[in-house]
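Engineer: In order, the protein sequence lines correspond to chains A and B. Here my numbering = 1-based position in the first sequence + 14. Here my numbering = 1-based position in the second sequence + 2.
Some hints here could point you the wrong way.
[What the hints assert, rightly or not] If you want a taste of the chain B side facing chain A, the calculated C-beta under 8 Å gives, among others:
no., residue
1, F11
2, S28
3, L37
4, T39
5, A42
6, A47
7, V70
[To be verified] Here are the computed lysine to any residue pairs in the SDA-like style, where the Cα-Cα straight-line distance is at most 20 Å:
no., chain 1, residue 1, chain 2, residue 2
8, A, K101, A, Q33
9, A, K101, A, F39
10, B, K43, A, K171
11, A, K130, B, K43
12, A, K171, A, P185
13, B, K51, A, F39
14, B, K51, A, V154
Think of the hints as simulated: they come from the structure by calculation, not from any bench. Where a beta carbon is used, it is the ideal one built from N, C-alpha and C, also for glycine.
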Amino acid sequence: MWRWLHPYAKPEATYHLLQKLLPWFVALTLVTLVTGVIWGLAFAPGDYQQGDSYRIIFLHVPSAIFSMGAYMGMAIMGAIALIWQIKTAEWSIPAIAPVGAALTVVALLTGAIWGKPMWGTWWVWDARLTSELILLFLYVGVMALYFAFDDARTGAKAAAILSLVGVINLPIIHFSVEWWNTLHQGATITKFERPSIATSMLIPLLICLAGFAFLTVSLVMMRLKNEILRHELHRPWAQQRLEQD
Amino acid sequence: MAFDSFTDFVAMGGYGLYVWLSFFLSFVVLAGVALETLLAKRQLAKKSKQLQQRQERLARRKASRAEVGDGNESKT
């Protein structure tokens, strides 16, 4: 495995791999997201308690899950950057953080808009909502720290350490609905028992989950390509690439 | 189809405002990230071109200076 992995420590090799994979991921994103959203909005049955307001779930759950998934990915890249000092891993931190922050914003916005008709309030300072808001601050903090140093590699190291420390927030978000009293409902699919949702709603939700997964990966790949080019701008291969595209 | 008519679909059982607002805002945020990424790439292409032009200028200046002669070329 290491022999296969090793060439990708070279930014140029990673770039070409991303270049090859990106169109597939973009295509998969479009297909799954469009299918999932249309299915969820128009074809899934209404909820017997929440009526049609529950359709926000098709955005809320995927964005919330991948706001955490992206953070995990960023923290893993941070660990790789700290341990093996691989530059591409360092650059993937500013590639992932804005995408994760956007997903967190979407989760918070859709949650607030869903909360208004169902709970009667846009926002409560309970554990689930507050810990998800802290996730947004962590993303912003990681980005701020990354760019706060004159020496880019020092900034990357500081951001990597913060991203690793912030991992503690992920189980807090996930278990917050069990550990504390909250308005937020418990886990529906991310638990070990059978999902507590009808199959006719679960299928479009799973498609939306796949859609958000592909979207997250696609956006990160696009941004990582930019980061690689930004750092390799003085190299002929990067200049040629930019001319061709 | 979970709805009888298009009006029903838009109304979302009375929750239309909430459902459509959440879908609209999500789209704006995520499309914003994608757009920013594409614009950043264009910016990089511009910067790369400037960098190359500067390198060419420097190379030309060096060449013309060598033509005038500063005593170094006689050694070769």
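Engineer: None of the hints should be skipped; say for each whether it holds.
Structural biologist: Here is how each hint holds up against the structure:
1. F11: The hint holds - F11(B) has a Cβ within 8 Å of chain A, the shortest such distance being about 6 Å.
2. S28: With a minimum Cβ separation of about 5 Å from chain A (threshold 8 Å), the hint on S28(B) holds.
3. L37: For L37(B), the interface hint is violated, since the closest Cβ of chain A sits about 11 Å away, which is over 8 Å.
4. T39: holds (5 Å)
5. A42: Hint holds; A42(B) Cβ to chain A Cβ min 5 Å, cut 8 Å.
6. A47: holds (4 Å)
7. V70: violated (29 Å)
8. K101(A) - Q33(A): Holds, because 18 Å separates the two Cα atoms, which is no more than 20 Å.
9. K101(A) - F39(A): violated (24 Å)
10. K43(B) - K171(A): violated (25 Å)
11. K130(A) - K43(B): At roughly 39 Å apart (the allowed maximum being 20 Å), K43(B) and K130(A) break the hint.
12. K171(A) - P185(A): Measuring from Cα to Cα gives roughly 24 Å; hence the hint is violated.
13. K51(B) - F39(A): violated (29 Å)
14. K51(B) - V154(A): violated (32 Å)
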